[in-house]
Amino acid sequence: MNNWRVDGKGRINRDKRVRFTFDGVSFEGFEGDTVASALLANGVHLMGRSFKYHRPRGPVTAGSEEPNALIGTSRGGSGRFEPNTRATVQEIYEGLTTVSQNKWPSLNFDVGAVNDKLHKLFAAGFYYKTFMWPKSFWDKVYEPVIRASAGLGVSPAEPDADTYASRYLHTDLLIVGAGPSGLAAALTAARSGVDVVLVDEHRELGGSLLSEAPTAIDGKSAESWLAETVAELNAYPNLRVMTRATAIGYYHENMVGVAEKLTDHLAEPPATAPRERMWRIRAQEVILAQGALERPLVFDGNDRPGVMMASAAQTYLNRFGVKVGNAAVVVTSHDSAWYAAFDLADAGVNIAAIVDVRASVSEHLQAEARKRDISIKLEHTVTTVLGKKRVSRVKLGKVSEDGNVSGIGTVSCDTLLMCGGWTPSLHLFSHTKGSLHWDAENEVFLPGEKTERCHIAGGGRGLWSQQAAFDDGVHAAQQALASRGQSAPALSIDVDGDRTGSGIIMEELPSNDDKFARRAFVDFQNDVTAKDIRLAVREGMLSIEHVKRFTTNGMATDQGKMSNMNGLKIAADELGRPAPKVGLTTFRPPYTPTSFGTFAGYHKDALFEVTRKTNIDSWAEENGAVFEPVSLWRRARYFPKTGEGMHGAVARECRQTRASVGMFDASTLGKIEVVGPDAAEFLNRMYTNPWSKLAPGRCRYGLLLGEDGFIRDDGVIGRISNDRFHVTTTTGGAARVLTMMEHFLQTEWSDLDVWLTSTTEQWSTIALNGPNARKILEPFMEGADLSAEAFPHMALRECTVGGFEARLFRVSFTGELGFEVNVPSEHGRALWEILYEEGKKHDMCVYGTETMHVLRAEKGYIIVGQDTDGTVTPVDAGLSWAIGKKKPDFVGKRSLKRPDMLLPTRKQLVGLLTEDPNVVLEEGAQIVEAGDTAIPAKMLGHVTSSYWSETLGRSIAMALLEGGFERNGTSIDIPMPEKTHRATVTGTVFYDPDGERINM
Amino acid sequence: MTFTTTVETLPTMGRYNLRCKRENTVALSKSLGFDLPSSIGEAARSGTQSALKLGPDEWLLTCPMEERATIRQSLTDVYPEAVHSLTDISSREISIRVSGDQAEELLSTSCPRNLAKLSTGCGVRTIFDSVQVVLMREGDRQFRLDVWRSFAPHVLGLLAVACAEFESGL
Amino acid sequence: MSKFSALTLLKGALTGYKNVEPQWPDAELKSEYDVIIVGAGGHGLGAAYYLAKEHGITNVAVIDKGWLGGGNTGRNTTIIRSNYLYDESARLYDHAVDLWDGLSQELNYNVMFSQRGVMMLAHNVHDVQSFKRHIHANRLNGVDNVWLTPEQAKEKCPPLNISPTARYPVMGAAFQQRAGTARHDAVAWGYARAAAARGVDIIQNCPVLSIERGPNGAVAGLQTPRGFVKAKKIAVSAAGGTSVVMDTAGVRLPLESYPLQALVSEPVKPIFPQVVMSNTVHAYISQSDKGELVIGSGTDQYVSYSQRGGLPLIEHTIASICEVFPIFRRMRMLRKWGGVVDVTPDRSPILGKTPVQGLYLNCGWGTGGFKATPGSAHVFAHTIAKDEPHPINAPFTLSRFETGRLIDEAAAAAVAH
Amino acid sequence: MLLIDCPYCKEKLPELEFEYAGQAHIARPEHPAEQSDAEWRDYLFIRSNVRGDHAEQWRHTHGCGRYFNAVRNTVSDKFIATYEIGQPRPTVTKEGEERDEQLES
Ligand SMILES: Cc1cc2nc3c(=O)[nH]c(=O)nc-3n(C[C@H](O)[C@H](O)[C@H](O)COP(=O)(O)OP(=O)(O)OC[C@H]3O[C@@H](n4cnc5c(N)ncnc54)[C@H](O)[C@@H]3O)c2cc1C
Ligand SMILES: NC(=O)c1ccc[n+]([C@@H]2O[C@H](COP(=O)([O-])OP(=O)(O)OC[C@H]3O[C@@H](n4cnc5c(N)ncnc54)[C@H](O)[C@@H]3O)[C@@H](O)[C@H]2O)c1
Ligand SMILES: Cc1cc2nc3c(=O)[nH]c(=O)nc-3n(C[C@H](O)[C@H](O)[C@H](O)COP(=O)(O)O)c2cc1C
Ligand SMILES: [Zn+2]
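Residue numbers (full-length UniProt numbering), protein chains in the order written: chain A, 1 to 1000; chain B, 1 to 170; chain C, 1 to 417; chain D, 1 to 105.
Heads up, some of the hints might be wrong.
What the hints assert, rightly or not - PhoX-like mimics (lysine-lysine), calculated; alpha carbons at most 25 Å apart, straight line:
(1) A:515 <-> C:11
(2) D:10 <-> B:117
(3) C:230 <-> C:30
(4) D:12 <-> B:117
(5) C:269 <-> A:389
(6) C:53 <-> A:135
(7) B:21 <-> D:10
(8) A:129 <-> A:515
(9) C:290 <-> A:140
(10) C:154 <-> A:140
(11) A:135 <-> C:11
(12) A:893 <-> A:693
(13) A:103 <-> A:120
(14) C:18 <-> A:129
(15) C:290 <-> A:103
(16) C:269 <-> A:129
(17) A:450 <-> D:78
(18) C:230 <-> C:386
(19) A:120 <-> C:18
(20) A:388 <-> A:52
(21) A:117 <-> A:388
(22) A:581 <-> C:30
(23) C:11 <-> A:120
These aren't lab readings, by the way, just hints derived from the structure by calculation.
From just these sequences and the hints, can you work out the full model?
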């Protein structure tokens, strides 16, 4: 294939070759490769450009903490492009296409790189200090340029073609991370029989075991130990293993969100497979075995392609069988890089030198190095890296005791491996607000006080050897079980040939070059240099939080995994304060960036949110209704005949209803059954109206206020029997009203013997309105008398209609003779069709919400939420009559006596008739005194409802108007952009003011 | 594992919401002919009738449609001594049955409760996605969901998508 | 304080930034001040600046329990608009927009005020009625806000989904062009720097433990871990801590503090210019100058000071954004965080005097006070200096909860931010 | 997502089944008509809003349907007790107030 693969190394499947493209060029890798490993195997290091300076960048890690090698990916076809994917995580599959980002015209030649030349100008926070003059340039010149040069990849441009899923999972123990400590914990717990879930973000279990050169575990090669362990774990029915699954957030009460990638590694995913799934795992106990992340070193040119974490090179070698270069220099302040050097040397990489800033390193390591002919440079440093798109040479220097550096020349190499020590991964632990304590000896933050039932094991506790990690994993499992009152048998896993090590932490590598001239990167992606951090401190950013925000250190897509600790050390150095006094910025979810789709899960398109439909809705759909959304319901708005628009349809529906009869699906009205000996007393307390004297078989309009005295809801309430009421509410108010009633009943009036049951969906409600309404119903009443005498306005009865058990109300929301038939929901459509057939004999129409609105407005009936808005009292709405004058109290009564409620200048509900009868005012239009043209205007109120009234042959409107009742008969103006309309203030009843038609 | 779990909508059944104070449960149990369960989540059965306790003063009574009148009559008779609320909600809800090996896991796509804790024969009111449901475990691998009628398509829609997901094997 | 300009920047660059000086000195707490402002958010720092600049009162301290700007000022989604319904609100927020325009120049600090326009989507007939009510009221109040058809909205904001078959179809939008965003941190820093330059002491990491009152009932000073500090006047501008601080002065408030969460995506190249808000689907979004999508929604359901918040709300918020912008489903969430917002019953702030002599209150901005920062700070300074409210904040009294004279923007429209 | 112990169901259940319902132990005045404007304001609007242990109401809406009381720490969000409506607030020993995350040492 090429000369960067190392025979006999790696866990890739050499039998399966995979082709993919990068920037249009086709490459080959093996199954099991990531984009980064496959490109490296092809000798490609240059994979991206940085955010600000457009510096050429290659992968610096081999994992999800990668800040540099971010690419766009797609499997082709529409809606499958994704920006900012970490090449070090994305597995290759046949047909994968990838592109580099943040470059123009090409990755190799990027014009944006001029920024790098101007870097001195672009110091941290520079944009806060300039781009202010001339002021007018901001919108047109500066900001567009700033915006265009920011951002990394490009946004997807098409709707996502994939689906996403979610799952809840409950378990005794969740283990995050399947390195040695996680595996040991899983073995221990699984053997003891508890339910265990083990998650790891990689495709394979093993964590660092996959990357380190083989040790012997329990007398077997690490590789076969791992294979056996994985097999054992997979065999436990009480253990669930999830790979490619990242614990993204640790939420309240041991709930951990785990984002599982399902198809992004497959060439041909199953058709109905979701792309990703969000697991919401609730665990009794959690073990965080996330390991530790290797820290970069900070020195001039540390961002050049070919400069890489030592452990990453080791991973590329041992896991992917790729050597990242032929000639490497290793620069380190920690023992672990020595081992990486040995692994690479053993694989044939020429290690030109190990440069260690420390004065002494164990004799054992030195001997191992000498054995491999590696030149050892203790108390040395790398002062700069040469080579632009790939390391070509590094300058070394000898560090004297006083920190002075004397150059000793350059070394040629194509790779520079660095290691600044290890940072325990405590991201998830920090999500719980668990405290961190500073381990002064090792200069790391370790877990302190816990707020959740969690246990940290392995690298996360600063333990560095496999043996220690295994032991700690066992221990953590035992602790977790113990806190559940269970015990687990001890398990010992013996490691032979273990590597232990230690190191020191440097803020910046020593150098004699001007601190402010060095290009020593701390946050690679955001191009934050050590200089930026020092400058920020000098500018008064004394808090690490200010430093972060001023420099953007740690705000890139790796969220500080690479940069936080180095940033902290440099800031502490500049501040002259110890690191723990400076503190860390807060880790927040998600652990790694997570697709929106995964959070949204199934909630997409029709399943985004419930759409409620009545039993009659299907008829409306079949008969050409136009719908509108009303709270969660969809309701038929009007029923256009061929060629009719909304206005034509509504005019016709109004005409037919007033002239003969119209039928309306009112099923969405809320319904509450109020039952018990104290039912009437309960309603007395809730509603403004009196209920005690309402006779069974009769109904009454009810008005509900909030405790603040403002109208919340209304509806007709019928007394079925002494102890049973049928309460109706507005469509949108149903749930709210029931909640409010339950609240009062349960928390204030538990002495009352009354119970509430929602019956909204028990009943389909069909409203018949118009002079011929009775004629439609009568044939189906089995002889029951519907005459005005026997069944007057506001009567109700339980009966059968068309053979269906029914509750029949004689009520009207149109001012016409009206009936509302309630039948069990599943029969709604059947009855509707029966009545529809009958209606054909009487020129009956069906109408929707729009006609309902017009007809009720002609009668001055309010719609709560349209003619009222949460600031309207019953008096304001002209509903004083609905207040039971003799009642000592009801919800909201006291508030009506507050000073502001008594002002005559309150806004009151009135009618408006425009001077020009053809002008239909816009709902929401504002009202001013006649003739007032000032701006800002003194607004007197607004139009709440406005329609063309087909019945009256003119427009009508309702309005909330300051001192409206007093203004009856006067003129006001409605200034619109194009023209001011004049109107006369009237009462709200425009049609049949004496209410005769209702009693027909 | 091949996916064999099924989702079906059941025919209408008789359903009452029964409410009363604790001191009246004895009288009501007597007229019903079986003891109302006393812990939330528990169900009691007698022949074709059953009562599931949903809240401290609330039971869901179920029966075949044609037996509704019997229940209503016997409870109406006892009302003067033992006041209560009996409300017919037969049509309010639709019942969905999920049965098969992966029934529990299928439901866990949208149900935040720990379903393993729900024993056979028990039932609770809970939430499925954003929808309130009464969830009963009819058997080891069989559940029934009672869902308000207009919410049922959403629940069924989610279950259908979940079935497709399970069928994909991923 | 040296002036920031391209020239000084260049000079700094050429001289290796040898001349940088702190943007605000780390002041020592004195034993006495004419005015102490509790809370170094945008509102508190701004009030200090205007006290010094417009009223010549410079013996002022701004005290914060943490780092300045670390409260809601440092964690908000930066939406600025003034298309509020009621005259009182429109005047207050529009006063702020007037001051935002030119604030960078005034402070000599680029706060990146960007009038990219705010688009509020209507998804049902009720939304349409309500937004039109706003538009007409705004027009007559001299506040720009216009109606867009779905097609016009799409033209301005191409990624918007206006399909009529969407679960929540876009039926139109209200659009305010003068509205937009600003760089939140820069607002706090700009005011801090300008206030410090005029002699204001900025004291960080110093929680105010209690407000002490003298025998006559008036304020005497306040207690901190660094000792007692005398003050003639105390102004509380401590969002997320108001109830706790005011309680120590014996003033109980109609406030509840809720977590409000926000999140950002990974950064991408510019994809849409406006701020887009949809109250009906519960989410709003803009793209920052750095390229990340900045997303927010409503508060969590329970009161809390934990700055944490739960997962369900985030899931719902993101689902909502993806409904309105289906192309964003493959974008990734980078970080989410929470703030603590003080909410009043009518969702309007309390800004003015209190029953205690010498104690002034600026609180209750809930989910939407960043936009008001310069305006609110400006009139608050007036109130403190003159011991009487500026006409613009006169209606925002504490006593309105007793009389019932509420300014109920929420009840009128259920619109946030 | 919180876990809430419903005192009626006697089970710790996911927050999604519950609704928060405001501060607890604010009794509706016996005779509202006799309340002064200031007293009525207190009932309607004034809330303790404590930073620390907070007595509050929740409803097990998607469960047993009952309102109940709880004491929860508003800094840690942890529940300290839940109890039935009508019962007095239990005296609980504070678990120690959580540290304030904005504080820097
Ligand atoms: C997620 C989120 C999104 C938002 N989005 C928007 C938006 O898009 N548009 C908008 O207009 N508004 C928005 N807001 C609201 C806005 O952030 C706030 O209203 C505004 O920033 C308040 O500013 P402030 O200066 O009053 O308070 P803050 O910035 O919160 O400052 C108050 C300060 O008081 C300090 N303090 C508290 N107690 C004490 C004490 N005892 N002693 C000393 N100091 C104390 C705090 O540490 C804090 O620094 C949002 C808020 C959040 C949380
Ligand atoms: N050579 C050295 O000096 C040195 C230094 C440090 C660590 N180590 C090695 O590290 C090992 C420590 O073992 P360990 O088990 O603690 O760690 P580990 O690094 O072996 O395993 C941690 C695993 O957790 C996964 N992970 C982390 N966060 C995750 C998340 N949010 N979601 C899902 N998966 C996540 C990682 O990808 C990894 O697979 C030892 O073997 C030790 O030898 C060696
Ligand atoms: C408008 C805005 C944009 C932000 N953009 C980013 C960002 O690009 N990267 C990032 O890591 N955080 C970003 N943040 C979040 C901050 O890192 C931080 O979470 C927030 O200020 C709250 O502080 P805390 O998380 O430290 O409590 C942004 C915050 C705001 C308000
Ligand atoms: Zn319960």
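Evaluation of the provided hints:
1. A:515 <-> C:11: Satisfied, since the Cα-Cα distance of roughly 18 Å is no more than 25 Å.
2. D:10 <-> B:117: holds, 13 Å
3. C:230 <-> C:30: Distance of about 9 Å is within 25 Å: holds.
4. D:12 <-> B:117: holds, 11 Å
5. C:269 <-> A:389: Judged against 25 Å, a Cα distance of about 24 Å means the pair holds.
6. C:53 <-> A:135: Within the cut-off at roughly 22 Å; holds.
7. B:21 <-> D:10: Holds, at roughly 19 Å.
8. A:129 <-> A:515: At roughly 22 Å apart (the allowed maximum being 25 Å), residue 515 of chain A and residue 129 of chain A satisfy the hint.
9. C:290 <-> A:140: With a Cα-Cα distance of about 17 Å, the restraint between residue 290 of chain C and residue 140 of chain A holds, given a limit of 25 Å.
10. C:154 <-> A:140: Judged against 25 Å, a Cα distance of about 22 Å means the pair holds.
11. A:135 <-> C:11: holds, 22 Å
12. A:893 <-> A:693: holds, 20 Å
13. A:103 <-> A:120: holds, 21 Å
14. C:18 <-> A:129: It holds: about 16 Å lies between the C-alpha atoms, which stays within 25 Å.
15. C:290 <-> A:103: Judged against 25 Å, a Cα distance of about 16 Å means the pair holds.
16. C:269 <-> A:129: With Cα atoms ~23 Å apart, residue 269 of chain C and residue 129 of chain A stay inside 25 Å; holds.
17. A:450 <-> D:78: Distance of about 13 Å is within 25 Å: holds.
18. C:230 <-> C:386: holds, 20 Å
19. A:120 <-> C:18: holds, 13 Å
20. A:388 <-> A:52: holds, 16 Å
21. A:117 <-> A:388: holds, 13 Å
22. A:581 <-> C:30: Status holds; Cα separation ~24 Å.
23. C:11 <-> A:120: holds, 10 Å
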